[in-house]
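Listed below are the residues making up each chain.
There are 2 protein chains.
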Amino acid sequence: MTPNADRFLADLHMLRTFGGDDAPGSKGVRRRAFTDADLAARDLLADRFQEAGLTPHMDPAGNLFGLADAERSLLMGSHSDTQPEGGWLDGAYGVIAALEVARTAQEAGGPPISVVSFQDEEGRFGALTGSSLWSGKLSMEAADKLVATDGTTWPEARARIADRAGDWVDPARFNGFLEAHIEQGPVLDAADEAVGVVTGIVGLRQFHITVHGQQNHAGTTPMGMRKDAFTIAARIATALPDRFANVVTPQTVWTIGHIRLHPGSQSVVPGRAEFSLQWRDIAADRLDRMERVINDLLEEMSVETGCEITLDKLRHDLAPMPMDDAMQKALSDAAEEVAPGRWRSMPSGALHDASNLAGLMPVGMLFVPSINGISHAFEEDTKEPDLVTGVEVLARAVQRLG
Amino acid sequence: MTPNADRFLADLHMLRTFGGDDAPGSKGVRRRAFTDADLAARDLLADRFQEAGLTPHMDPAGNLFGLADAERSLLMGSHSDTQPEGGWLDGAYGVIAALEVARTAQEAGGPPISVVSFQDEEGRFGALTGSSLWSGKLSMEAADKLVATDGTTWPEARARIADRAGDWVDPARFNGFLEAHIEQGPVLDAADEAVGVVTGIVGLRQFHITVHGQQNHAGTTPMGMRKDAFTIAARIATALPDRFANVVTPQTVWTIGHIRLHPGSQSVVPGRAEFSLQWRDIAADRLDRMERVINDLLEEMSVETGCEITLDKLRHDLAPMPMDDAMQKALSDAAEEVAPGRWRSMPSGALHDASNLAGLMPVGMLFVPSINGISHAFEEDTKEPDLVTGVEVLARAVQRLG
Chain A
11 MTPNADRFLA DLHMLRTFGG DDAPGSKGVR RRAFTDADLA ARDLLADRFQ
61 EAGLTPHMDP AGNLFGLADA ERSLLMGSHS DTQPEGGWLD GAYGVIAALE
111 VARTAQEAGG PPISVVSFQD EEGRFGALTG SSLWSGKLSM EAADKLVATD
161 GTTWPEARAR IADRAGDWVD PARFNGFLEA HIEQGPVLDA ADEAVGVVTG
211 IVGLRQFHIT VHGQQNHAGT TPMGMRKDAF TIAARIATAL PDRFANVVTP
261 QTVWTIGHIR LHPGSQSVVP GRAEFSLQWR DIAADRLDRM ERVINDLLEE
311 MSVETGCEIT LDKLRHDLAP MPMDDAMQKA LSDAAEEVAP GRWRSMPSGA
361 LHDASNLAGL MPVGMLFVPS INGISHAFEE DTKEPDLVTG VEVLARAVQR
411 LG
Chain B
11 MTPNADRFLA DLHMLRTFGG DDAPGSKGVR RRAFTDADLA ARDLLADRFQ
61 EAGLTPHMDP AGNLFGLADA ERSLLMGSHS DTQPEGGWLD GAYGVIAALE
111 VARTAQEAGG PPISVVSFQD EEGRFGALTG SSLWSGKLSM EAADKLVATD
161 GTTWPEARAR IADRAGDWVD PARFNGFLEA HIEQGPVLDA ADEAVGVVTG
211 IVGLRQFHIT VHGQQNHAGT TPMGMRKDAF TIAARIATAL PDRFANVVTP
261 QTVWTIGHIR LHPGSQSVVP GRAEFSLQWR DIAADRLDRM ERVINDLLEE
311 MSVETGCEIT LDKLRHDLAP MPMDDAMQKA LSDAAEEVAP GRWRSMPSGA
361 LHDASNLAGL MPVGMLFVPS INGISHAFEE DTKEPDLVTG VEVLARAVQR
411 LG
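Sequence lines, in order, name chains A and B.
Quick note: the first sequence uses this note's numbering, first residue 11, plus one each step.
Quick note: the second sequence uses this note's numbering, first residue 11, plus one each step.
Keep in mind the hints are simulated off the structure, nothing from the lab.
Hints may contain errors.
The list cannot tell twin chains apart, which means a pair is met if one copy fits it or any two copies do.
List time: in silico DSSO-like cross-link candidates among lysine-lysine, alpha-carbon distance up to 30 Å [unchecked claim]: (1) Lys-393 to Lys-237; (2) Lys-37 to Lys-237; (3) Lys-339 to Lys-237; (4) Lys-37 to Lys-147; (5) Lys-393 to Lys-37.
Predicted model only: the values in this text are computed from it and were never measured.
Chain A with its partners taken away, still in its complex shape:
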């Protein structure tokens, strides 16, 4: 059961022409959900699904399925919408890889494979909008209130597919979901590895922290009499690596991505510092322990400096989502066959449609490298041999899953 590398790459490059950037040499794509380019790409995919013996079916959310003619099948795919200025592989790779594996399986008499391209994974309206609707995590009533930054409403968007869309597809017809995706991080590329078998999608927690200091004149207030909110925020940031040392793994991450000082003037000692602290890990208990470390640190800093430090937990904490063991095993065995010593198990630090499906069926994910870790940018790319290796691993894994 060997995929056709040329056919796969030809389709992948063909998909890139929908919304493709005109600049010479650019592989960039503008294919925002529900735009002309996106809908034309979905029409093209529907044709390809038909040619491959799959029944094209668009659901009310714009998710496009290619359904295998079987009572139960394995669902494979990803999404074909992009960021406003996106790369050519983010999502597209998983959709065309799934199509190629479905064709290969059909030709080789393998197990029945259905294919899907979810809609608005990149969040023009919400986040993972299409798979959230299909999986029941988002209601159509709630979705109808979503508005894109350009003012387009979700009802306006789905009006565009009124003539294409049918009913919802019953998730029970699928015995699992397998998604291939570019890593969108630097790990595989830096290690010169071809494949990552995803152990799970990391959980995420986030605090919005406010240090309440004392606003003062930056010329007349001696250092010893200051309650400088920025100095305290900087000490918190600087203390974190040591405080986390015995808790984290090399795959744990934490980020202060935003900070605002009040009043934010060069000549005023900051009276208030507000900043975000986000941490991600594959293990829920490690997220808990990190939260305790952070709370202890904030408490100590508050006592030491005499400044109140308050926090609000974000409403949308996300729990870690482990991948199915049997899927991981099939992918790992296949990876070792196709690319011995050039693959690893790794968490996904980014969210994917697979997160939404994990409650419905067994889910697995496979990563291929991102050159220099770049994604969500025109420069996003992966070496073609690595793209092909990923499809070969998928095909063998499907064969093993039976």
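Dock chain B against the given chain A, drawing on the hints supplied.
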């Protein structure tokens, strides 16, 4: 030569009614330069100068003088404009104290004293605008380009005083300038002292520093592969106290009052951090040494992290401005007489009109306490006995200067 405390306090409270906040118990004042309240206050001051035997004279910048009938006199005063929401003593104290000392000296046959209220010290248009024009540091051509945040231009502002203004006053008719002011900092209040004899106005330097990191996805980029611009900025801020330890005095200050992260998103590793670092000291060589410490630290951090760190020095570095020795001596001796053991020598961390006059004539400054160090706010206040003590010290110092 003893000032009349009741007369002095009555005038000080009277001045407060011009632009005074209506709220019960509030001592706050809104008397922005060239507003109706400011000009009415200057008319009142002109009347009081006249009553005190001084000749009122407004110059083309709106600075209001009360000129002694003598070939040479000592100039005393400050400013009577306020911040948009200012205190009742900032500037006003120095003007009314000067008026009271001028009256006292005249009654006691003391040396001739002229009085001044400079215009727009609080920077509705520029910064220390009136004294900058009078001292020649700012030309009228340059001033005519200044625009207040409410859109009022400097030419529109000075059109309001066209019927009041005369020619420039020749600085050569003054043999020195003596300014009393509230401290606007917490030092005297915290030490329960009544008077500060100013040794000089501190110099100020400022860097605008940019850390050039690498923008990355906050989920997919392992900690060890990050070039997080905020983390580096926080380490710089946290390292400064140790690095400065053998260079600074308890009166040296430094401040990071502003920071901006790019892109400033909770889920993105900051690719760039821009922040201000300002430092102030009374000694130019210490400002130099601090600058070397900062440059060394930035260089080390750049080498250690592999991130470029760039800086632009602000155009308006300000040199320290020492006060005249004889003025300091006269003020110190007077302070020890009036408030033995309850005064100190100290630098001024804030700018004052006296900075502009130091190139023209010998300059001295005296501080009285600010309760809790608060200024530029309605809550600004000083105990009345301390206000009176300051005037008594001024009067005795003037007598000593002869």
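Hints versus structure:
| no. | hint | in the structure |
| --- | --- | --- |
| 1 | Lys-393 to Lys-237 | between (53 Å within a copy, 25 Å between copies) |
| 2 | Lys-37 to Lys-237 | between (51 Å within a copy, 26 Å between copies) |
| 3 | Lys-339 to Lys-237 | neither (55 Å within a copy, 35 Å between copies) |
| 4 | Lys-37 to Lys-147 | neither (34 Å within a copy, 58 Å between copies) |
| 5 | Lys-393 to Lys-37 | within (13 Å within a copy, 72 Å between copies) |
Violated hints for the displayed structure, listed by number in ascending order: 3, 4.
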